[in-house]
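Take the sequences, apply the hints, and build the full model.
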Amino acid sequence: MDELRRSILKVIGVLGLSAGFPLLRTFASENVVPNEPVSTPSSKQLGLVLDIDKCLSSAVRDACISACRREHNLPEITANPERKYKWIWTEDFGNAFPDHAHEHFSETLKKQPVLVLCNHCSSPACTKVCPVSATWKRKEDGIVMMDMHRCIGCRYCMAACPYRARSFNWLYPRPDIKGADNPVYPTRTKGVVEKCTFCVERIRLGREPACVEASKKVPGGAGALTFGNLSDPDSEVSRILREKRTICRQLGFGTRPNVYYIV
Amino acid sequence: MNDKKMIILGLVIFLITVTYPFWYTLLAGAKVSRPVLEKPAGETRCIEEKAFMTANHMQLLNVWRDAVVRNDIAEYTSTAYGAKYEMSLTKTCLKCHNKREEFCNRCHGYVNVNPACWNCHNEQKGIN
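Chains as they are written, first to last, in the numbering used here: chain V, 1 to 263; chain A, 1001 to 1128.
Among these hints, one or two may not hold up.
Simulated pairs of lysine-lysine, DSS-like, Cα-Cα distance not exceeding 30 Å [said to hold, decoys possible]:
no. : chain 1 : residue 1 : chain 2 : residue 2
1   : V       : 190       : A       : 1099
2   : A       : 1095      : V       : 190
3   : A       : 1125      : V       : 84
4   : V       : 128       : V       : 44
5   : A       : 1091      : V       : 139
6   : A       : 1091      : V       : 178
7   : V       : 178       : A       : 1125
8   : A       : 1091      : V       : 44
9   : V       : 137       : A       : 1084
10  : V       : 137       : A       : 1091
11  : V       : 178       : A       : 1099
12  : V       : 139       : A       : 1084
13  : A       : 1095      : V       : 44
14  : A       : 1084      : V       : 217
Treat the hints as calculated values from the structure; they're not laboratory data.
These numbers come from a predicted model, not from an experiment.
This is the structure we're talking about:
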């Protein structure tokens, strides 16, 4: 009996190994071949250029953040940082650009606030992990879009995004909405992930994102935020990127951000 | 085999419990009346014919949702009247149907459905 058992186990073992062998080759080749071509053919890619110096004015930053809050009915959470809603928010320079904040970087400059938001990456990590296609990259204009109806709240996208540009509705958000009442923009519900959408609802009407519009109304805010089509060489954003010294957040992740910073 | 009485009693109680919804509705049937809806004042028609809207408004809203969110198309052309509308629950539907309690909720309550639309979408009067 034991002899039979041994021989059966041997056969199973050999079969199992031979079945696994082709898989090993697949894994090995996937490590070598990149998932996507480096340049995706897109007729239009919307992007934003922020001037770090002009955004040092707290009036400009506050105008942008509160315009976004009013436009999208964002809840105001002060107590629990994990529950904060981050569509556009401020981050210390050292945290926003850890690659640039080297050992001898000035401590004061490291602490300077920078406006950050979803980078609407050309190769986004968040859209690839979504199991229900609730988030995807729009082919028409390159916006990383979110479908709140379809989101199941698994938060894979939040884990995937290296810029922490996504927020989760841990609780029903409406009781925390203060000082914002835009009835035509839906609030969200408990258990969905939300993020900056470059104000798709305004772009559809030919308007600029709320933050860009608000920054222009603040004294000294002109040129702080510039929005436009990066694929169009004649656009204002393309002109700035050609002429000025600009950086991106953590290029090393390979997500190819479309939000640029003038330094 | 001396439990015959208890078994029959148990069966009777079981049958009464199981058939309760049927005979209760029959007895109380006169009390339940079809919902009477308060229609928007000053409007003569909806975006499509009434029978179509009554039967298919939920499918229409699903089509609108996918068109706007996933395909960025926001204009709807009425098949019955040819008029153009913005595909928006708050801006288009609730502009006329501004009394949710007297219109939407009456039917939804009658047929016992709880659509989740208003968890996020606002009425025109505002949030909360």
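For the pair we were handed, residue 1125/A and residue 84/V, check the Cα-Cα distance against 30 Å. Measuring from Cα to Cα gives roughly 27 Å; hence the hint holds.
Given the hinted pair residue 1084/A and residue 217/V, is their Cα-Cα distance within 30 Å? 35 Å, violated
Checking one constraint from the list: CA of residue 137/V to CA of residue 1084/A, max 30 Å. Satisfied? 29 Å, holds
Straight-line Cα separation of residue 1091/A and residue 139/V no greater than 30 Å? Judged against 30 Å, a Cα distance of about 27 Å means the pair holds.
With a cut-off of 30 Å on the C-alpha distance, tell me whether residue 1091/A and residue 44/V pass. The hint holds at about 29 Å.
Between residue 128/V and residue 44/V, does the CA-CA distance stay at or below 30 Å? 20 Å, holds
Check the hint pairing residue 1091/A with residue 178/V against an upper bound of 30 Å on the C-alpha distance. Distance of about 22 Å is within 30 Å: holds.
Please work out if residue 178/V and residue 1099/A have their alpha carbons no farther apart than 30 Å. 25 Å, holds
Does residue 1084/A sit within 30 Å of residue 139/V, going by the straight-line distance between their CA atoms? The given pair, whose Cα atoms are some 26 Å apart, holds under the 30 Å limit.
Within 30 Å, alpha carbon to alpha carbon, are residue 1095/A and residue 44/V? Roughly 35 Å between the alpha carbons, so the hint for residue 1095/A and residue 44/V is violated.
Verify the proposed pairing of residue 1095/A with residue 190/V, using a straight-line Cα cut of 30 Å. 26 Å, holds
Taking 30 Å as the top limit, are the C-alpha atoms of residue 190/V and residue 1099/A close enough? Distance of about 25 Å is within 30 Å: holds.
Hint compliance for this structure: hints 13, 14 are broken, all remaining hints hold.
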